[in-house]
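Student: Below are the chains, spelled out letter by letter.
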Amino acid sequence: MATATRYIGRPLKRKEDPRLIQGLAHYVDDLRLPEMHYVAFVRSPHAHARIRSIDTTRAQTAPGVLAVLTGQDLDKAMGVIPCAAQLPEMKLALRPPLAKERVLFVGEPVALVVAADRYTARDAAELVEVEYEPLTPVVDPEKALAKGAPVLHPQYSDNVAYRWELEGGDVKAAFAKADKVIRQRMVNQRLIPVAMEPRAVVADYQPGENQLTVWSSTQIPHLLRTQIAAVLGVPEYVVHVIAPEVGGGFGSKLNVYAEEVLVAHLAMRLGKPMKWTESRRENFQATIHGRDQIATMELAVRRDGTILGLRCRILADLGAYYQLLTPLIPTLTGLMICGCYKIPAVRVEITGVFTNKMATDAYRGAGRPEATYFIERAMDLVAAELKKDPAEIRRKNFPQPKEFPYATPTGLIYDSANYQKSLDAALKKSNYRKLRAQQAKLRRQGRYLGIGLSTYVEICAMGPSSAMPAGGWESATVRVEPTGKVNVLTGASPHGQGQETSFAQIAADLLGLEPDDIRVVHGDTAVVPYGIGTFGSRATAVGGTAVYTALTKVRDKLAAIAGHILQEDPKRLVFRDRKIFLKSNPAKSLAFAEAVSAAYVAKTLPPGMEPGLEATHFFEPSNFTFPFGAHVAVVEVDAETGEVHLLRYVAVDDCGRVINPLLVDGQVHGGIVQSLGQAFLEEAVYDENGQLLTGELTDYAIPRAWDVPRLETARTVTPSPVNPLGVKGVGEAGTIGATPALINAVVDALAPFGVRHLDMPARRERIWQLIRRARQAGSRPTARRAGAGRDRRVR
Amino acid sequence: MGVVIQVRVNGKTRQHEVEPRLLFVHYLRDVLGLTGTHIGCETSLCGACTVLLNGKAVKSCTLLAVQADGAEVVTIEGLAALGGNGGLHPVQEGFWEKHGLQCGYCTPGMILAAVELLQANPKPKEEEIRRALAGNLCRCTGYQHIVDAVQFAAKKMAAGKR
Amino acid sequence: MIPAAFEYHAPKSLEEALRLLNRHGSEAKLLAGGHSLLPLMKLRLAAPRCVIDLGRIHALRYIREENGRIAIGALTTHTEVLESPLLRTKCPLLPQTAWEIGDVQVRNRGTIGGSLAHADPAADYPAAVLALDAEIVAASADGTRTLRAAEFFVDMLTTALLPGEILTEVRVPVLPPGTGTAYRKLHQPASGFAIVGAAARLTLGSGGKVERVAVGLTGVAPKAYRAAAVEKALTGKKASEKLLAEAARHAVPQDVELLSDLHASAEYRKAMAVVFTRRALEDALARAQSKKR
Ligand SMILES: Cc1cc2nc3c(=O)[nH]c(=O)nc-3n(C[C@H](O)[C@H](O)[C@H](O)COP(=O)(O)OP(=O)(O)OC[C@H]3O[C@@H](n4cnc5c(N)ncnc54)[C@H](O)[C@@H]3O)c2cc1C
Ligand code: FES
Ligand code: FES
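Chains as they are written, first to last, in this note's numbering: chain A, 1 to 795; chain B, 796 to 957; chain C, 958 to 1250.
Keep in mind that the hints were calculated from the coordinates and are not lab data.
Accuracy of the hints is not assured; some may be wrong.
What the hints assert, rightly or not - Each computed SDA-like pair below joins lysine to any residue, with the alpha-carbon atoms no more than 25 Å apart:
no., chain 1, residue 1, chain 2, residue 2
1, C, K1199, A, R443
2, A, K272, B, G828
3, A, K15, B, K950
4, C, K1199, A, L442
5, C, K1227, A, V755
6, B, K951, A, P11
7, A, K15, B, A876
8, B, K851, C, P1049
9, A, K429, A, P719
10, A, K15, B, G881
11, A, K553, A, A593
12, B, K918, A, E712
13, A, K143, A, E688
14, C, K986, B, V799
15, A, K272, B, L827
16, A, K402, A, K421
17, C, K1227, A, T698
18, A, K15, B, L877
19, C, K1227, A, D699
20, C, K969, B, Q801
21, A, K13, B, E921
22, C, K1227, A, D759
23, C, K1199, A, A774
24, C, K986, B, E814
25, A, K147, A, R313
26, A, K434, A, R447
27, A, K272, A, T57
28, B, K851, C, A1016
29, A, K553, A, G612
30, A, K553, A, H564
31, A, K91, A, T226
32, B, K807, A, L24
33, C, K969, B, Q810
34, A, K13, B, A954
35, C, K969, B, E867
36, C, K1194, C, R1206
37, A, K15, B, Q946
The shape of chain A in the complex, shown without the other chains (with noise of 0.2 Å):
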């Protein structure tokens, strides 16, 4: 039976859009049940403080509110905020959904309001007094490490989190035989992931069918289920969770926070629909951080280049508590830290310490980028070391195409890859040779143009389960209905990712549709079989291929139907233009409507066969995939002001099979721009106090419109063979290899005044110190402004 590919490789139009262009999609705030009630939270202002008592006395008694609760309050009725994350020797740090006698970070909920209307649960939630004795704050991660810093879990004796070593090949060994040593500190600055919806739920218990219906903007509705009814007690049946239209979560929605735990209660505890919308600042307080990594890095390199071995100790600040997989994400971090490159011998050393600030956890890309960024940034001080191009030093350390799968010493084993191809590709596109030409040019007038590379790997379609902390597979089913159309059930819960297209695509192609007879479902717990979700850049290798095993269980059962009928050998049938029909005789044929007519209606099928036409699978994946690219940034910086201008950025991915090129387009753009805020404009600042500076978006910048370039993205197509589609997964590619790039480029810019490294984000006035150091040291150029006038900036 061929598949002829008609729109799978397509770019398609996608089918989620109209709803979306018109106004007429369903987030979560825009429901609206009878009697709903809105809940509004009394959250910390302290980062470390004891509480002394709460009064909710006026709050109770002001006009229109239902219920005030506090940790006390809730006592029995509920566990802790869970963590699927194990680690060895880790210690517990388990968070209350409401604070009880401590809290921990600015932003923690200790008390909440139930009332009528949203204006009346703000109006009350100003008027529940809570009385704090503030603790010595723990902000520094290093700091927190030291003896004598106050410990936030008085269970334990420090703020050590745990411990993870991980060492391959002989590291000893490499570094004895090293002609030099490279070393450098880095900071992966702690981010926001500012999904443009913030979070919000929406419960509903209905007592006599004894359901509890929750909607959330969530990744993960199926999980999310799952720890409802553990954290309520409850037997599972009775969760229904449904996340509807998504407004983006890149991993900040991949969790079970206490606000979804706590609305699910109150709508059972208190008998009415309950409602909680979070506002930026909550959003900038108590949802997920990202990142927040200090690397130590250490390159043992010969004097031709060659990579004999890596050490890498990594601070990672984790936050006050965990969330849902808060310590496993570093250790992400260092499976990867090896990059693309071939080197023997590998040591990681990570430490996961308690800080007073929010938990991070996975945020688009989860310790990849940060893996990324210290292997690229190590890999251009090598190069400027060695007074080597940086992509020299990067090709001569690849592993050859035909070394392929290839097995690194932190244990992975890479699936398919050509990174000479790629980087060629992206050097050429970019035209590279001429820009360094200009480059030196530039340099002569007193203009400043850096050119970054980054050649990167990334792991995605998280995984097999028995990499994965709760489960790696995914599930599909494909249903057709009597009339002949189709739904397919998919338990990723995509949300941006355009999934209701391309799994569409995948059906029509399989099935010989129109994208148009199929219709993709997701985000419902009632409806789609249990699924794990979308994230790790899973949705397509894992979810498409259970929706591609499913269909062809469905296709090969319509075959010997129509096999049957025809009197014909299904091997020899086609499904196409919603026909059956013999590959040698076109004529001969059956519509794809009264083949699955025949499956309902039972009167013609072979002896034997069940009737009706369902399918599900569950795929497993035998491995992770892994993509991979070459970037090139080209950057200006203004020496005047330290601004630097983006000109030209270059990306040239291989994500293995392409379904629709558009949304691949889509995911590697956003991505991009997601790494240009990393590399230049975002960073959570706390202060010395634990307070959220940026606490805001008028205080926390992401990437606008005109920050960015016309990104100029091409492909290279190297199949994966872990899944019969060859997909490999795109969602977090742009993240993963842009922030080195960016910032390669802006230390090549600045390599004239002597600068070999410079740590995220790279801010305008951290490069106009590092420019006026070195005029102060003499001896360095002086320059005339660069890039004055020009309208588009990288502010």
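Keeping the supplied structure of chain A fixed, place chains B and C with the ligands upon it in accordance with the hints.
Tutor: Positioned in the frame of chain A, the structure of chains B and C with the ligands alone reads:
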């Protein structure tokens, strides 16, 4: 103490007694049930709440419902009618055609900001588009397809006028 | 994201507004475009008991030429300033400045009166009105008075307006031939406000000499100020790139208290004040020269 306001929203006159502090975005969403207009911040920065107020793009989260008394308002739900061809507005078409959205949360505001731009400047250059959308944040798309969408709409509208 | 409750008034005339303001005194807040006040109220950093909405006073929304000056009503939006053909030809510094304020949506609502009355140290207009020697008209129950821009800004978020006064009009000069103006700004990356904003106005006399020059700086200090030392270093001299660069070095006088925050230290602000002053002067000079020709 309520204040009675009358607003023409998407061609329909609406009259309600509202609390003076009611934000216009909440009036649209909670009172009129027009939930296509979104809220993404409280600091007037994200633009998700953008609507047309007397033809001008404004952030409806930074407008009191009482300030809109007497105004003519277009939200995403009413935009198609402005397109004048019974179908989608060309800007909506552009967003669909060019994949100008992913999660769609910023999209209604983005579209309305683009509509105002094209009214004032029917043939904007890329830089002008990027500048005109400075008040609208998108975390998903990286903006490139949004720029393409606006250019698509500009062409389409120019062709329609000829 | 929800303001505290308040009592609301929407007077239709200035007289009525003044009466209301008198009646409610310090418990009242005037509301113009709301783009400074409403964000504060939403975060509950401001919670006035009474709000007097000036938005219905259409008589305060105009741009017209009167007695050799251009009069701008307090309720004129930033967009109206930006698009005004009258200002663009006769006093382009204001449109140039308005172009750098916020974004389209902000400019569509925010008003010149509100911006000046709010006196945000990082607002853009203050630099321009200083450089233009603008006059600011304030009305009260007792009549009107005219203030010079230089005396209007008192301190951070504080102006010379008295309780009971409403800012009604801003008057700027029709710029003489041979004048070039420019506004150059370093944006705060998140909010878009000015880290440094430099407004320059420069008139060339005979022989390429600087006949008259004015520079207003915002963002640098708790209040916007005129860079008098820069002006002095230029006046009467033959304009050259070198002269401008030297003069710009005086952009921040000794006695100025420098702002410092997360986005820019005092030291950086000071250095950028010099850079942006020079750039604004260069642009203004280029424009003055092209007009001369
Ligand atoms: C997202 C965003 C970005 C912005 N970016 C910038 C920027 O880059 N540069 C910049 O300069 N500004 C910026 N602003 C501020 C904007 O320009 C405001 O509109 C302006 O500062 C205030 O004008 P308003 O008409 O909105 O005043 P309102 O907010 O209504 O009032 C401000 C204050 O002035 C008082 N007031 C108003 N009118 C009068 C009057 N006629 N007489 C006496 N008192 C009065 C009010 O009582 C209030 O205290 C931004 C605002 C936002 C929301
Ligand atoms: S919600 Fe209005 S600008 Fe963000
Ligand atoms: S499409 Fe998601 S924020 Fe723009």
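Student: Hint by hint, say whether it matches the structure.
Tutor: Consistency of the hints with the structure:
1. C:K1199 / A:R443: holds, 22 Å
2. A:K272 / B:G828: holds, 20 Å
3. A:K15 / B:K950: Holds. A:K15 to B:K950 sits at ~24 Å (cutoff 25 Å).
4. C:K1199 / A:L442: holds, 22 Å
5. C:K1227 / A:V755: Holds, at roughly 24 Å.
6. B:K951 / A:P11: holds, 20 Å
7. A:K15 / B:A876: It holds: about 22 Å lies between the C-alpha atoms, which stays within 25 Å.
8. B:K851 / C:P1049: holds, 23 Å
9. A:K429 / A:P719: holds, 22 Å
10. A:K15 / B:G881: Holds - the C-alpha atoms of B:G881 and A:K15 are around 20 Å apart, at most 25 Å.
11. A:K553 / A:A593: holds, 17 Å
12. B:K918 / A:E712: Since the Cα atoms of B:K918 and A:E712 sit roughly 23 Å apart, the hinted pair holds (cutoff 25 Å).
13. A:K143 / A:E688: Roughly 11 Å separates the two Cα atoms, so the pair holds.
14. C:K986 / B:V799: holds, 21 Å
15. A:K272 / B:L827: Judged against 25 Å, a Cα distance of about 23 Å means the pair holds.
16. A:K402 / A:K421: holds, 13 Å
17. C:K1227 / A:T698: holds, 22 Å
18. A:K15 / B:L877: Given pair A:K15, B:L877 holds - Cα atoms ~23 Å apart, limit 25 Å.
19. C:K1227 / A:D699: holds, 21 Å
20. C:K969 / B:Q801: holds, 17 Å
21. A:K13 / B:E921: Holds: A:K13 and B:E921 sit about 23 Å apart, inside 25 Å.
22. C:K1227 / A:D759: holds, 24 Å
23. C:K1199 / A:A774: holds, 24 Å
24. C:K986 / B:E814: Holds, because 17 Å separates the two Cα atoms, which is no more than 25 Å.
25. A:K147 / A:R313: This hinted pair holds, its Cα atoms lying about 20 Å apart.
26. A:K434 / A:R447: holds, 16 Å
27. A:K272 / A:T57: Given pair A:K272, A:T57 holds - Cα atoms ~22 Å apart, limit 25 Å.
28. B:K851 / C:A1016: Holds - the C-alpha atoms of C:A1016 and B:K851 are around 20 Å apart, at most 25 Å.
29. A:K553 / A:G612: holds, 13 Å
30. A:K553 / A:H564: Roughly 17 Å separates the two Cα atoms, so the pair holds.
31. A:K91 / A:T226: holds, 24 Å
32. B:K807 / A:L24: Holds, at roughly 18 Å.
33. C:K969 / B:Q810: holds, 20 Å
34. A:K13 / B:A954: holds, 22 Å
35. C:K969 / B:E867: The hint holds at about 19 Å.
36. C:K1194 / C:R1206: Roughly 16 Å between the alpha carbons, so the hint for C:K1194 and C:R1206 holds.
37. A:K15 / B:Q946: Since the Cα atoms of A:K15 and B:Q946 sit roughly 22 Å apart, the hinted pair holds (cutoff 25 Å).
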